[in-house]
Each structure stands twice: as C-alpha cells, then as structure tokens.
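Sequential numbering from 21 applies to the sequence shown in this note's numbering.
What the hints contain is simulated information worked out from the structure, not anything from laboratory work. Glycine included, C-beta positions come from ideal geometry on N, C-alpha and C. Treat the hints with caution; some may be incorrect.
Stated by the list, open to error - No more than 25 angstroms apart at the CA atoms, straight line, and that leaves these computed lysine-lysine pairs for DSS-like:
(1) Lys82 x Lys104
(2) Lys44 x Lys31
(3) Lys49 x Lys75
Stated by the list, open to error - DEER-style ranges, computed between Cβ atoms:
(4) Met103 x Arg37: 15 to 21 angstroms
(5) Tyr60 x Asp26: 40 to 46 angstroms
(6) Thr97 x Asn65: 43 to 49 angstroms
(7) Ile95 x Asn45: 35 to 41 angstroms
(8) Glu27 x Thr105: 28 to 34 angstroms
(9) Asn65 x Gln86: 15 to 21 angstroms
(10) Ile72 x Phe106: 47 to 53 angstroms
(11) Thr83 x Ala54: 28 to 34 angstroms
(12) Ala54 x Asp80: 53 to 59 angstroms
(13) Glu41 x Leu100: 19 to 25 angstroms
(14) Ala54 x Ala91: 24 to 30 angstroms
(15) Lys44 x Glu87: 50 to 56 angstroms
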Amino acid sequence: MLFNRDECVQKLRNVSRQITEINKNKEIKSNTLANARGEYIEELNQQIEHLINEKRQLVDEKTRAQETITAIDRILTLKLCLMKTF
C-alpha cells in the first residue's frame, strides 16, 4: 500500500491512463468482432474478456489509490488543525 501522497497521485494518473487505453483497445476489438468470421471470433472474445478483467483490476487499484489519497488528506488536515490549536 502506498502512503506517500505524491506516489498515490502518480499511481492514480497511471491507472487512469491504462484504463483509457483498455477502453480504446476494447472498442477496437469489439468493432473488429462485428466483422469477424470463424475461429477469429473466439480469439477476439477471449481478448475482449481479458481486457475486461484487466480493467476490473485497474478500477479496483484506482479506487484504492483514491481512498489512500483521501485518508492522507484527512490526516494532514487533522494534523494542521491540531497544530493550529496548540
């Protein structure tokens, strides 16, 4: 788990970029599937399924990074409030 906010933000950007690429690739493969014939259909379906699973994992990773950033921000805000109090 990442605890450095900058690392989490960078991870979030990278994962978001990967999700965008997967969406583009899935769209291309889905469009190709519409015109496919024979065994190529099965291969494309497997590739699309792989992209869907990969995206699912990346979305989970993105959620964890967002949650970590939120937790870090809350801790920093609390720390700042405590410092102002004393």
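Each hint tested on the structure:
A distance of roughly 33 angstroms separates the Cα atoms of Lys82 and Lys104; the hinted pair therefore is violated under the 25 angstroms criterion. For the hint linking Lys44 to Lys31, the alpha-carbon distance of about 20 angstroms falls within 25 angstroms, and the restraint holds. Distance restraint check for Lys49 and Lys75: the Cα-Cα separation of roughly 15 angstroms lies within the 25 angstroms cut-off, and the hinted pair is therefore satisfied. At roughly 36 angstroms, the beta-carbon separation of Met103 and Arg37 lies outside the given 15 to 21 angstroms, and the hint is violated.
A hinted range of 40 to 46 angstroms holds for the C-beta pair Tyr60 and Asp26, which are about 45 angstroms apart. The given range of 43 to 49 angstroms is respected by Thr97 and Asn65, whose C-beta atoms sit roughly 48 angstroms from each other. Against the hinted window of 35 to 41 angstroms, the Cβ-Cβ separation of Ile95 and Asn45 comes to about 37 angstroms, which satisfies the hint. For Glu27 and Thr105, the hinted distance range of 28 to 34 angstroms is satisfied, since their beta carbons lie about 29 angstroms from each other.
In this structure, Asn65 and Gln86 break the distance hint of 15 to 21 angstroms, their C-beta atoms being roughly 31 angstroms apart. Checked against the given bound of 47 to 53 angstroms, the beta carbons of Ile72 and Phe106, roughly 52 angstroms apart, stay inside it. Between Thr83 and Ala54 the C-beta distance comes to about 32 angstroms, which sits within the given range of 28 to 34 angstroms. Evaluation of the 53 to 59 angstroms hint for Ala54 and Asp80 yields a failure: the beta carbon distance comes to about 29 angstroms.
Glu41 and Leu100 have their C-beta atoms about 37 angstroms apart, which leaves the hinted 19 to 25 angstroms range violated. Under the hint 24 to 30 angstroms, the C-beta atoms of Ala54 and Ala91, about 44 angstroms apart, miss the expected range. A beta carbon spacing of about 26 angstroms between Lys44 and Glu87 contradicts the range 50 to 56 angstroms that was offered as a hint.
In this structure, the hints that do not hold are numbers 1, 4, 9, 12, 13, 14, 15, in rising order.
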